[in-house]
Amino acid sequence: MGLLGSDERPRDIILGTLDDLINMARSRSMWPLTFGIACCAIEMMATWDPKIDADRFGMFFRNTPRQADVMIVSGTVNKKLAKRLRRLYDQMAEPKWVISMGACANQGGPFRQGYSVVEGVDKIVPVDVYIPGCPPRPEALLQALLLLRDKIADRELRYQKPREIPADYDVLAEPGKDGRLPVL
Amino acid sequence: MEVRMKQERLFDEDVYTVHPEDYRALCERLAAEGYDFPRAISGLDMGYGLRVTLQLTRMKDLAKVTVRTDVPYEDPVVPSVTDLWPGVEWYEREAYDMLGIRFAGHPDLRRILLEDEWALHPLLKRYDTGGYPLPGWEPAPWPDPEPWTPPPPPEPEPEAEGEASEGGEAS
Amino acid sequence: MSTMSLEPVRGRTDEMIVNMGPQHPATHGVLRVVLGLEGERITRAVPHIGYLHRNHEKIEEARSYPQVIAYTDRMDYVSGTQNELPFVLAVEDMLGIEVPDRAKKIRTMFFELYRLASHLVWMGTAMLDLGAISPFLYTFWDREIILGIVEKTAGARMLPNYYTFGGVRRDVHPDFFKDTADFLDHMERRMVDYEHLVLESPVVHARTIGVGVLSKERAIARGVSGPVLRASGVAYDVRKAFPYDAYPDVEFEIPTSPDGDTYARFWVRFQEMYQSIRILRQLVELTPKTGPHKGKAPARIKPPAGERYRAVENSRGELGVLVVSDGTDKPYRVKHRGAAFSNLQIVPDLFVGAKFSDSIAILSSLDPVFGEIDR
Chain A
24 MGLLGSDERP
34 RDIILGTLDD
44 LINMARSRSM
54 WPLTFGIACC
64 AIEMMATWDP
74 KIDADRFGMF
84 FRNTPRQADV
94 MIVSGTVNKK
104 LAKRLRRLYD
114 QMAEPKWVIS
124 MGACANQGGP
134 FRQGYSVVEG
144 VDKIVPVDVY
154 IPGCPPRPEA
164 LLQALLLLRD
174 KIADRELRYQ
184 KPREIPADYD
194 VLAEPGKDGR
204 LPVL
Chain B
13 MEVRMKQERL
23 FDEDVYTVHP
33 EDYRALCERL
43 AAEGYDFPRA
53 ISGLDMGYGL
63 RVTLQLTRMK
73 DLAKVTVRTD
83 VPYEDPVVPS
93 VTDLWPGVEW
103 YEREAYDMLG
113 IRFAGHPDLR
123 RILLEDEWAL
133 HPLLKRYDTG
143 GYPLPGWEPA
153 PWPDPEPWTP
163 PPPPEPEPEA
173 EGEASEGGEA
183 S
Chain C
47 MSTMSLEPVR
57 GRTDEMIVNM
67 GPQHPATHGV
77 LRVVLGLEGE
87 RITRAVPHIG
97 YLHRNHEKIE
107 EARSYPQVIA
117 YTDRMDYVSG
127 TQNELPFVLA
137 VEDMLGIEVP
147 DRAKKIRTMF
157 FELYRLASHL
167 VWMGTAMLDL
177 GAISPFLYTF
187 WDREIILGIV
197 EKTAGARMLP
207 NYYTFGGVRR
217 DVHPDFFKDT
227 ADFLDHMERR
237 MVDYEHLVLE
247 SPVVHARTIG
257 VGVLSKERAI
267 ARGVSGPVLR
277 ASGVAYDVRK
287 AFPYDAYPDV
297 EFEIPTSPDG
307 DTYARFWVRF
317 QEMYQSIRIL
327 RQLVELTPKT
337 GPHKGKAPAR
347 IKPPAGERYR
357 AVENSRGELG
367 VLVVSDGTDK
377 PYRVKHRGAA
387 FSNLQIVPDL
397 FVGAKFSDSI
407 AILSSLDPVF
417 GEIDR
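Chains A, B and C, in that order, are what the protein sequence lines are.
If you use the numbering used here, the first sequence corresponds to residues 24 to 207, in order.
If you use the numbering used here, the second sequence corresponds to residues 13 to 183, in order.
If you use the numbering used here, the third sequence corresponds to residues 47 to 421, in order.
These are computed hints drawn from the structure, not numbers from a lab.
Heads up, a few of these hints could be off.
[As the list claims (entries may be wrong)] FRET-style restraints, in silico, Cβ to Cβ:
no.	chain 1	residue 1	chain 2	residue 2	range
1	C	D375	B	E20	39 to 45 Å
2	C	A287	B	E20	20 to 26 Å
3	B	D26	C	G256	36 to 42 Å
Glycine included, each C-beta is placed from N, C-alpha and C at the ideal position.
Working from the sequences, and respecting the hints, build out all of it.
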């Protein structure tokens, strides 16, 4: 009989798939990008303060997109910023995730229908978790991070084509003008 | 030099409504009078033209003054006062960005909040909140008499002043 | 400061162009500064703003007066209710609304609580910029206490939309005065720690003393206000110069420093926190525990045609608003005079000639908040 069928296998061996192992490592060390935009950024900082303390889940801010896994879009994204935001997203290494924090990032919030505001960051980058609120409480951001952790843990590891999500550049154009490719 | 203007008292501020050609001369006079703290320059779309509102404080005795001048939509040029108060540099750029008021003599008149290649001046009343032209928007006729009609220098006639202030508030 | 393109100057091979921001951890938001560097020295500095421009002034023209208050909240988002006050005061002036004495005092208490909260955020982030992590942990803890006090009464932490025409939206929570008094006791003990951590730290001394000196004349001409102006030796404070709400009833001083350097700006903010505690102590005693919290205001806010400029001293300086009314229930034009907007103009003045690493310390001493700058 092989080892698998035997009840007498050594107790220091854990069997599982490689997926589980790597996903466990990934979901336990999500490093967000330090990219505060607006009001929600202050609540994002408050999520890492000693009261909520997201550090205990292995989440540390990285200042460069090359080392970050998670982008927390914490505030209103306007047309001028959206091009830079997409560029930062493109600079992040796969696999990468996006949390849309607050009403503004979800759909424009109170500034919806303004001439300079992108009505939802999901037109620019793919979003994994949306948080409602204006601004959301730090607990809400923590819950979103934990939701994202569960999502990562369920991910299949086998090779997937990198997601090709083109940004909807029409939303970045000046009102009344045609969409153009952004100048990056 | 005679400055074509109208003076009134609004709450705790002296308000001067001045002809755009004399705006610079009045500002130089105010700078010489010791108004040293520039609070803000605001651009307004009055419906018949564009208005520049310059607000100043004198740090010595905390006197406040507001200078207004109206320019037509077709040629909204106002002399810059950046050399008198460097603190209005960004406010003039903002008024240019938002309303298209051009400040002659500004050292660096670029867009400040919107992107450089945009042509939109969003705070104009002819655009809606989304920046699209409002259907059926027409500029109002220039108020008559013009707000900068020079009052007789020694004794401003009360009726002329009343009419002028009415025109100034028209929208 | 004239037109400075990003192209290197012809024949200058020793100058390097460095782009800082808009995603830079030390820009306190989305500021972008293009720096020309000669070795460690900054030769040119061009700030670019507008990355958080969210059409405040346009969208406020399409909202009714009470709705605008909620938008003003989102300008200087670190200091919550402070932004609502100039707009509320301006509309009250135009309508001639009387504010009860107790409402004025409650407003002032919230105003000063948010000043403490804002300066605490400043202290934490400024020290993060200088490389110290632990002050951030302490200051955010204390800030959470303030936000808890605010939340009990107003229902929201950061952007409570609490002031209204004629007073405040609802009466304070029964625990409000006790909570505030307890917090002040706690804060006075904490200030001793903060002095040790920040003002007496030799690292802070080395990074800030003599760095980024702003002269008195330059500060006034540039329209700088708030702690930055007072650190250059000008005792201009809207709370004393044009008193509003309950400030005539309380005693406080305007701390000024003649030095004008980055350390002076740090020091002035610290002294302001002591003054805030002092004001709050007096107001806890002075404010009647019961009474009206809101004066008589018309149900439909329709100011007569005209305009009014009102200013308050928020955590960053003179925050003003010019409200133009055409007699309808929507403002014709709302123009905000951002304190941080004016303060940020001196970035080229202070950066040029400084070392690259000093630029971070200088920027953190200006305490920009981009909701208010870009509006």
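For each hint, the structure was consulted:
1. About 26 Å separates the C-beta atoms of D375(C) and E20(B), a value inconsistent with the hinted range of 39 to 45 Å.
2. At roughly 23 Å, the beta-carbon separation of A287(C) and E20(B) lies within the given 20 to 26 Å, and the hint holds.
3. Take D26(B) and G256(C): their Cβ atoms lie about 41 Å apart, and the range 36 to 42 Å holds.
Of the hints listed earlier, the one the structure fails to meet is number 1.
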